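Top line first, the protein sequences correspond to chains S and X. So in the numbering used here, the last spot in the first sequence is 136, and the numbers never skip. So in the numbering used here, the last spot in the second sequence is 136, and the numbers never skip.
Among these hints, one or two may not hold up.
[Unchecked claim] Listed next, the stretches of chain X that the computed footprint assigns to chain S, with coverage defined by at least 3 CB atoms under 8 Å from CB atoms of chain S: (1) 73 to 79; (2) 92 to 100; (3) 107 to 115; (4) 121 to 130.
For the record, the hints were derived by calculation from the structure and aren't laboratory data. Bear in mind that the values here come from a model prediction, so they are computed numbers and not experimental data. Beta carbons are placed, not taken as given, at the ideal position from N, Cα and C, and that holds for glycine.
The residues making up each chain are set out below.
Protein chains: 2
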Amino acid sequence: MITALDHIAIAVPDLEKSIKRFMDDFGLTFEGREDVAAAKTSTAFFPLPPTSIELVHPLNGEGPIAGFLEKKGAGLHHLCFRSDDIEADVARLKAKGYQFLSEAPSLGAHNSKVIFIHPKSCDGVLIEINQPGDEH
Amino acid sequence: MITALDHIAIAVPDLEKSIKRFMDDFGLTFEGREDVAAAKTSTAFFPLPPTSIELVHPLNGEGPIAGFLEKKGAGLHHLCFRSDDIEADVARLKAKGYQFLSEAPSLGAHNSKVIFIHPKSCDGVLIEINQPGDEH
Numbered sequence: 001m002i003t004a005l006d007h008i009a010i011a012v013p014d015l016e017k018s019i020k021r022f023m024d025d026f027g028l029t030f031e032g033r034e035d036v037a038a039a040k041t042s043t044a045f046f047p048l049p050p051t052s053i054e055l056v057h058p059l060n061g062e063g064p065i066a067g068f069l070e071k072k073g074a075g076l077h078h079l080c081f082r083s084d085d086i087e088a089d090v091a092r093l094k095a096k097g098y099q100f101l102s103e104a105p106s107l108g109a110h111n112s113k114v115i116f117i118h119p120k121s122c123d124g125v126l127i128e129i130n131q132p133g134d135e136h
Numbered sequence: 001m002i003t004a005l006d007h008i009a010i011a012v013p014d015l016e017k018s019i020k021r022f023m024d025d026f027g028l029t030f031e032g033r034e035d036v037a038a039a040k041t042s043t044a045f046f047p048l049p050p051t052s053i054e055l056v057h058p059l060n061g062e063g064p065i066a067g068f069l070e071k072k073g074a075g076l077h078h079l080c081f082r083s084d085d086i087e088a089d090v091a092r093l094k095a096k097g098y099q100f101l102s103e104a105p106s107l108g109a110h111n112s113k114v115i116f117i118h119p120k121s122c123d124g125v126l127i128e129i130n131q132p133g134d135e136h
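Sequences are here, hints too, so could you generate the full structure?
Next up, the structure:
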């Protein structure tokens with residue numbers, strides 16, 4: 001079951017500048033950075049409990065965020081719904097015809113299980129579903 | 001001060017279909033529809049407290065959402081930060097050089113005061129700031 005909006009992600013070309021923007025200009029609390037090697041993405045989180053703003057930036061200049069920035073430019077990148085049973089949610093959505101970017105969930109930021117629904121399946125929106133890991 | 005992520009908005013070409021999607025497929029609670037004549041926008045809200053998913057659709061086929069759908073297609077449209085003092089936040093951001101789409105806040109959905117920051121001022125993201133009205 002979907003229980004919360006876990007986070008909303010923004011693709012940014014200059015991670016340091018954008019971290020400074022959301023801290024200094026918008027007054028948000030900076031939780032920290034985390035590189036997700038499997039996704040070739042550097043992330044930075046600003047909690048607004050129970051949700052967060054996540055900045056995403058290409059790790060080492062490559063990967064899907066590099067492609068997104070090149071094709072579409074900086075901007076809103078995806079939203080993430082939190083699930084209390086990701087396998088059940090994925091199975092239900094697959095049965096309804098939703099296409100996913102991978103066969104099964106993998107390990108994402110914060111040690112959570114994550115999977116992405118193809119934007120074509122959902123009004124052009126890249127939707128992530130995650131289930132927090134034990135350390136969350 | 002920014003106190004919460006008030007909502008995240010998705011521009012959709014078929015409001016009824018998308019309402020059904022988020023209710024039936026994602027299991028979200030549908031709060032209701034509201035037409036905002038001043039913004040030429042039909043809205044539908046799905047609360048995930050303290051935030052919401054807002055679907056936005058052109059009211060009577062025209063207005064800014066019609067332009068967005070034509071230019072960029074369906075997808076993530078804006079995020080909205082909730083403020084406890086919108087005039088103070090706007091003044092602070094203006095002093096830092098942020099450009100706004102209007103001079104001062106106007107009345108938006110849920111009887112709140114709302115104003116939008118130009119996407120060029122903020123990593124390509126259309127950011128709304130709102131302050132809930134008395135009826136919220």
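Each hint, compared with the structure:
{"no.": "1", "hint": "73 to 79", "verdict": "holds (count 7)"}
{"no.": "2", "hint": "92 to 100", "verdict": "holds (count 4)"}
{"no.": "3", "hint": "107 to 115", "verdict": "violated (count 0)"}
{"no.": "4", "hint": "121 to 130", "verdict": "holds (count 4)"}
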